[in-house]
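2 protein chains.
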Amino acid sequence: MEWIGRKNILIVGLGLMGGSYAKALKRLGFHISALDRDPEAIAWALREKIIDEGCAGMEERLVREADTAVFALYPGAFLEWITQYQHLFQPGIMITDVTGVKSCVVYQIQDALRDDVEFIAAHPMAGRETSGVQNSDDRIFRDANYIVVPTEKNTPKAIEWCGVLGRLLGCGKISVLSPEEHDEMIGFVSQLTHCIAVSLMTCSDNTHLADYTGDSFRDLTRIARINDRMWSELFLMNREPLLRQMDLFLKEMTGFREMLEKGDTEGMREKMRLSTERRALFDRK
Amino acid sequence: MEWIGRKNILIVGLGLMGGSYAKALKRLGFHISALDRDPEAIAWALREKIIDEGCAGMEERLVREADTAVFALYPGAFLEWITQYQHLFQPGIMITDVTGVKSCVVYQIQDALRDDVEFIAAHPMAGRETSGVQNSDDRIFRDANYIVVPTEKNTPKAIEWCGVLGRLLGCGKISVLSPEEHDEMIGFVSQLTHCIAVSLMTCSDNTHLADYTGDSFRDLTRIARINDRMWSELFLMNREPLLRQMDLFLKEMTGFREMLEKGDTEGMREKMRLSTERRALFDRK
Chain A
9 MEWIGRKNIL IVGLGLMGGS YAKALKRLGF HISALDRDPE AIAWALREKI IDEGCAGMEE
69 RLVREADTAV FALYPGAFLE WITQYQHLFQ PGIMITDVTG VKSCVVYQIQ DALRDDVEFI
129 AAHPMAGRET SGVQNSDDRI FRDANYIVVP TEKNTPKAIE WCGVLGRLLG CGKISVLSPE
189 EHDEMIGFVS QLTHCIAVSL MTCSDNTHLA DYTGDSFRDL TRIARINDRM WSELFLMNRE
249 PLLRQMDLFL KEMTGFREML EKGDTEGMRE KMRLSTERRA LFDRK
Chain B
9 MEWIGRKNIL IVGLGLMGGS YAKALKRLGF HISALDRDPE AIAWALREKI IDEGCAGMEE
69 RLVREADTAV FALYPGAFLE WITQYQHLFQ PGIMITDVTG VKSCVVYQIQ DALRDDVEFI
129 AAHPMAGRET SGVQNSDDRI FRDANYIVVP TEKNTPKAIE WCGVLGRLLG CGKISVLSPE
189 EHDEMIGFVS QLTHCIAVSL MTCSDNTHLA DYTGDSFRDL TRIARINDRM WSELFLMNRE
249 PLLRQMDLFL KEMTGFREML EKGDTEGMRE KMRLSTERRA LFDRK
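Line by line, the protein sequences give chains A and B. Numbered according to this note's numbering, the first sequence terminates at residue 293, and the numbering increases by one at each position without gaps. Numbered according to this note's numbering, the second sequence terminates at residue 293, and the numbering increases by one at each position without gaps.
Keep in mind that the hints are not guaranteed to be accurate.
One copy or two, either will do: identical chains are not told apart, so a pair holds if it fits within one copy or between any two.
Stated by the list, open to error - Restricting the straight-line Cα-Cα distance to at most 20 Å, the calculated cross-link-like pairs of lysine to any residue (SDA-like) are:
(1) 270 <-> 238
(2) 259 <-> 272
(3) 259 <-> 143
(4) 181 <-> 167
(5) 15 <-> 35
(6) 15 <-> 97
(7) 34 <-> 266
(8) 270 <-> 244
(9) 34 <-> 94
(10) 181 <-> 226
(11) 259 <-> 269
(12) 15 <-> 61
(13) 34 <-> 73
(14) 270 <-> 239
(15) 270 <-> 87
(16) 161 <-> 116
(17) 181 <-> 289
(18) 161 <-> 111
(19) 270 <-> 258
(20) 161 <-> 249
(21) 270 <-> 16
(22) 165 <-> 230
(23) 181 <-> 219
(24) 34 <-> 244
(25) 34 <-> 140
(26) 259 <-> 213
(27) 181 <-> 215
(28) 181 <-> 69
Hints were generated in silico from the structure; no laboratory data involved.
Bound conformation, chain A alone (with noise of 0.2 Å):
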């Protein structure tokens, strides 16, 4: 299997999104090595034969051989690693990633990269609320948006290649945003609602009210089982445009309390209204 030319996948950084990359690349018949610090995540990976080839650490032969990558590593370990190790790349791999941020990702990497190598951004809108290879899954990529992030640096081949290899990992929609409208989209459908259910489940003790609960809260709170490490640096990395998206939120919520306090039934059931409108919106097309 070859797409635009390529066919041999390095994914550098197999956790949950490395493995599901891997799985649903293997299945089309890619080529496909990962380098991974955890000699767990790669030993597991070769057993189940989700990639072909695989390093805990460093193989150079396989950066070299590859004529893809995919980094799906944490934003700081990304540009430590393009500074590196890019000296073994071969001269016009294209470059992608899966960083839930963009602005504070792309510049520097691209600032940093070779210029006979291309980096194109990229962020599918999919995951889980466990980490790890062993919980891949390529289902998550069924129907689920898939945003090319470009510069002014990118080709439109790059641009148009990147959004491709979002239709073979299975994703329904393939949109174009820029780093700075991506991450004030980010902030408010992905990070702001992390926020929320992290601060719902801590704002008071209610482990005893497990046994009650219904579907809503369930629903409302399923991603606050959350990858501490990476969701904080998410949020630092995507600081600005996420305390505005908090800001809004807030202040909506207050102005809100202040009806019920009130007993302002019309002022509630206006915004429940708008609510319901704008919310259908956002089912699955």
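With chain A held as given, fit chain B onto it using these hints.
Same frame as chain A, but now just chain B:
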């Protein structure tokens, strides 16, 4: 089919919940009759054979013949109905309800009720973000929590009877709470979550983000499609407990916002770890 000597069940208010009760209990072989103001609802339920008899408005015979009555009305309408029609009940009829708030309903109904009739309040923690008998579905009870809410006026026999009803509906766990405990709990696990979902949908014009959203946002806002008349009534009838829960949540989230602004990574991670640990307890067992 009988249970503890009862077989003729009258459902008053044939909407989403009333219809779901009808479906579950008809399937078990009970004789089901229903009253609703809406002729369409009654006609639909007769056509679909989820009730045996029904009347739009009042048919006194249906009330006189019932040995069990389930009230699935808005809280205000429930008390009005009892005041107006309770003379029609046969002595010894057992009455229950599905109302989502308890303190401000249960005592009033019990005070107004004839001495030869018992009302035992209950609340199945199940629902849908739609309304109307046409959307009723008895699968909502499967494994759901069911809460019996007795007062000092209730007999042990009625409490047991009501728990059996929950089992017959298909609920998984039957609990007993006082009206005050119930309302504090419901303020947190249900009403607060609905306030959050509504505020999230209304805090900014986010409709253009529908193309990019992932499952976490969809899950968090599923309940933002909300019956504005019913929920505003429920919020107002549980105002004090709900305000307390909103204040706890707003304070917690404001604190998290401060941590983010100050770059207090360790503080955020600690909250996330607590959240993760607590949330694990809420998975369906």
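- What are the numbers of the hints the structure violates, in ascending order? Those not satisfied are hints 3, 7, 9, 15, 20, 21, 22, 24, 28.
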